[in-house]
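Q: Given next are the chains, with one letter for each unit.
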Amino acid sequence: MTAPAPVPVPSARAILTATGLRKTFGQTLALDHASISLAPGEIVAVMGPSGSGKSTLLHCLAGILRPDQGSVIYQGQDLTTLRDAARSTLRRTQFGFIFQFGQLVPELTCLENVALPLRMERVPRAEANRRATEELQRLAVEDVAGQRPGEISGGQGQRVAVARALVTRPRVIFADEPTGALDSLNGELVLRQLTATARETRASILLVTHEARVAAYSDREIVVRDGRTRDPLTAGAAA
Amino acid sequence: MSMGQTFLGLLEAGPRHGYDLKRAYDERFSHIRPVHFGQVYATLARLLKHGLVELDAVEAGEGPERKRYAVTEAGVADVDHWLARPEAPDPYLQNTLYTKVVLALLTGRSATDLLDLQRTEHLRLMRELTQRKANGDLIDHLICDHGLFHLEADLRWLELTAARLDDLAATLTPAGGTTTGRTIRA
Amino acid sequence: MKLLSDLRLGARMAFSAGKDGHLRTALIALGTGLGVALLLLVASIPTALQSRSTRTDARQAQWADQGTRLGETLLVDGFGTTYHGTSVAGWAIWPEGPAAPLPPGVEALPGNGEIVVSPALRDLLRSSDGRLLVQRLGQPAIVGTIGDQGLLGPRELAFYLGDNSITSETADQRVPAFGQESPAEVYNATLQLLIIVITVVLLLPILICQAMATRFGGEARDRRMAALRLIGADRRMIRIMAVGEALVGAILGIALGWLIFLGGRQIVPLFSLSDISLYPSDLIPRTDLALLVMVLAVVLAAAAALTALRGVIIEPLGVTRIASQPRRRLWWRLIIPAAGLAALYPLFEGADPESGPPPAYQIVAGVILLLAGSVALLPWLVDRLVQALPTGPVAWHLAARQLRRNTATAVRFVNAVVIAVAGAIGLQLLFVAVQESNSADTSYDPNWATAMAHIVPVPGQPGNDFQQIVAQVQDIPGITVTSGVRRAWSTGDDSGDWNVPLLVGECADLAQYAKLGSCASGEVFLSRNPSTASINDQVGPGSVLHLFNGMGPEGEASIDWTVPRTARTVPQREDAVTTDGGNLSILATPAALDVAALRTLPIDLAVIHDPNDEDSLEHLRNVVVATNWYHSDVGVFKDRVEQDQFAKIRVGLYLGSVLTLLLLASSLLIGMLEQLRERRRLLSALVAAGARRSTLAWSVIWQSLIPITVGLALAVVFGIVLGAMLLRIVDLPLSVGWSAIAWSTLIAVGTILLVNTISIPPLLRLLRTDSLRVE
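Here the protein sequences come in this chain order: E, A and W.
Start counting the first sequence at 4; every next residue gets the next number (the working numbering).
Start counting the second sequence at 29; every next residue gets the next number (the working numbering).
Start counting the third sequence at 343; every next residue gets the next number (the working numbering).
Keep in mind that the hints are not guaranteed to be accurate.
Label pairs and their computed distance ranges (CB to CB) [stated by the list, open to error]:
no., chain 1, residue 1, chain 2, residue 2, range
1, A, F57, E, R231, 40 to 48 Å
2, A, I167, E, S156, 45 to 53 Å
3, E, Q72, W, L676, 25 to 33 Å
4, A, A105, E, R231, 53 to 61 Å
5, A, W110, E, L188, 46 to 54 Å
6, A, A191, W, R671, 44 to 52 Å
7, E, P43, W, V637, 48 to 56 Å
8, W, G1092, E, A88, 33 to 41 Å
9, E, G44, A, I167, 28 to 36 Å
10, W, A681, E, R231, 44 to 52 Å
11, W, R671, E, L188, 44 to 52 Å
12, E, P43, W, R671, 56 to 64 Å
13, E, A88, W, L676, 37 to 45 Å
14, A, A191, W, L1004, 54 to 62 Å
Residues from chain W shown here face chain E by an in silico Cβ test under 10 Å; the list is partial [claimed, not checked]:
no., residue
15, D348
16, G504
17, R565
18, L570
19, R571
20, D576
21, R577
22, R581
23, A650
24, L651
25, E657
26, A742
27, R743
Derived coverage of chain A by chain E (criterion: at least 3 residues anywhere in the stretch with Cβ under 8 Å from a Cβ of chain E; other residues may be distant) [claimed, not checked]:
no., region
28, 69-80
29, 175-188
Calculated from the structure, these hints are not laboratory results.
Just so you know, even glycine gets a beta-carbon here, dropped at the ideal spot from N, CA and C.
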């Protein structure tokens, strides 16, 4: 019954490393010398009060936002130098996303939503549907496959979102307050299934949350405060 | 405090030997409050005296005398009563942590580091509980959740404290106080 | 293919976008469909004209020449007439032998007193309405119908009447065969221009409506696209998907357009306009034009979808609007309509006959630019107005703020209405003017005559005496003869270089032609046109003239006559029909010359007919035809039937305006409800804060009424400019038909009020506090 010991990850082994990220929105400094590193299969929680820059850090790491300074290296490639199309391809093939809500396409059924990333990768329809169904089964929401996101509960919707994030077998899953809109029970269900599947497929998870109970599913945590990252271990060493 | 009622509750399932009772207790509650044999028998003796349990049978055998205890009606009523009575809210002021934080500030040490370290420690424990929950049954779930929510509440307090550190520093150090702290430290 | 699968995904969204999405797709399809149907109709005009001229050619008789053998010809006399305002094409025919040719569409030649008729004429003759026409034709027996290939249109009234009295000497033509290529008809340039302009004016609002419909649910679509961006769709894929979504509407629209066109084509034969009717099979869009129309529909839909995406950056995190609110400058907004006017300038100058009318694209560009100018000016004006208006109650204040914050959105929904109303006003003005010119341009005095019968009696036939004929006409109920004269011609020498008409009648009859002053039997007057300086100086008192009756070889008669010295020169009446258009005519009372010596003279009878009894004219025609159907006819000065036709066109235009506006109104309504939904949070928060619901309702209503009012004002101005320009095209003076403007505006106002009324209940429902719950 011992938890995996939180080990600092040497950057050579890391799948995703960001160093010295700086990002401003107008006058507001959202990130300032933020650094983070993610090992394959590792689940890292990013914690911090609201407005601290957690989400901005995630967006920079995922190649959604381009930082003003610093680099984001994914498997040897610097995302900050990639064009939009290349970053889109990475998001499609290597990354998975789970947000608080609203990431499902309301016009498509749940099955179609889950199959969508595969279809965008030109997987034939039958094959895509088969894999999507599997994923829905794994998350125990196969019974809502034919329904639209608007017709199901928040917990089911979030599990469908997890299924969609996992269906392409991404290397890194970005989850931003994935249980923020759910009650404790549903939140727990989603997190358990998400982390279990990630462990099974050796995917890394960057888990942005302000809730300790959610962060408890991680292997280690990074704290963001005023746009700066603090690794508690190094901070502790310094103290 | 409540060990008596806990034993009574466990006995409601059926009469047990003192030894079985300890095992049943350990299975469920030991992580909260470990219990020694001596304590078990002392408690049972007290319950017997108050008529809340009675001896079901005494088996002769090697070693210590083996008595089986059964709960009485008064005992069941006592459990009822206990469960029905709300606990006095525990102010749980984080006495130790509070003292630490205040001290750190007074002495010019980094309270943030202190809080971050504490959080890491809390989270370590929370990870353990989360892990246990994943492998355990329903009872484990309930117990772990209880612990998790408490720990989370601590952490929330920590976060809030961290956010207020600046305000706090201003309150605690009267004019020139900061300098004093630094002097002490130097 | 990647491209195809992205397109398909976009299309899939269009189908599964829920109730709102279906409505949007339906509106895009409807807008596209109406546009496509209209364009297909226009694309069919060349084919329709072609097939009409082919039919005309087929019916054209060939002339006999030396090669024509006797007995192989058909004798043909033209017998066109008019019945209840509709012209009837007719020929009296008689074969010269068994091998005589058959006119197209006729299976067997009619015998004497028999008739072969077009289906429309057959129906008319069999109905009680055709009673007088049957009589005019001599109660013929209908023995057959003319087939489609022998008719110009399904509603054409045409007949071939068998008549054994025609001889090769009197017949118009001896026809060896039918079918002759006539020189290609030079198509009326003015009509062409009008068709172009009408098409543009009708098409523009439809296009705008389609573009508007493409933007429906824009917010939802943007959010959806952002969700797709998140999971890795790049910008190109987003654009392709947006196009794919719009294509669904476009393709449905094209299909719908064809259905409307093919369906509408079937009812075309039921209508005839200016005696022209069309067969459905004549209306076939030219293949290249039809293809162009369909490509255009697809391209426009795609362009509208892409334009809707412009100004919006869809990033994975959501939607950013490029919120540049540029200062609204006036100058470029004025350049647009100015450029339109410049393009149309050649028309204002009354097209130079040397260079012909300006090319079509120039006119299209001019009209589009002119109408677009109104739309360009709208936001500027609304801006100015909102800033200039005094601050009023809270509702007004809220509306003004909202308008200033987002003029573009508020104005977008009004644009189509402005263009539709401006276009409608322009066309209405044109048709009002045309209608007025057709009814009022005749300077005839209706108290003098409403119709003129020219009767050429057959020489030597009994009952064709002048007095008898006048009495016969006088007896027709509803007809009053105001003047009856006999007509002869005079010439001074045998050169035939000139002749002057001589009218013989009693003083009262002659007084209708000139201001005689006093008149007694035996007097002669020289009536001259007071507005012309030059007159024939070879005719004057004392001139010796040669008079003749002009009846051709059989009835030829002439006498020599000296103009009496007492003949006075008198001014012609300007409101009278001189019938000869000449500057000089001689008016003589019967006692001044030996009328009998001239034997049979043509007769002019000026009559007034009862406008409420349309049969009176037909009776008159029957009498006139009975005297000599070949050379006699009746001219009507004020033809009420012609006016009715224009009135019909105008009603049709109003109907079109209403339909267009209803289409616009439905999109207006959807847009408004959508805006309401998006602002729901804010509105309910205001309600929660204690704002009265009526205040908020009024703010929403003001918000739509202000731009609409400004828009309608602009539409009136631009409509009048457009109308003025159209009137120049048809060379009519500008007259502003305020009633037409009022009607067009009222229809628009009605539509808008309807939209506002319909949107109030959902608004109030939205404002109920229980809708406050936050999702």
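Q: Against which earlier hints does the structure fall short, listed by number upward?
A: Failing hints, ascending: 2, 3, 5, 8, 10, 11, 16, 22, 23, 24, 26, 27, 28.
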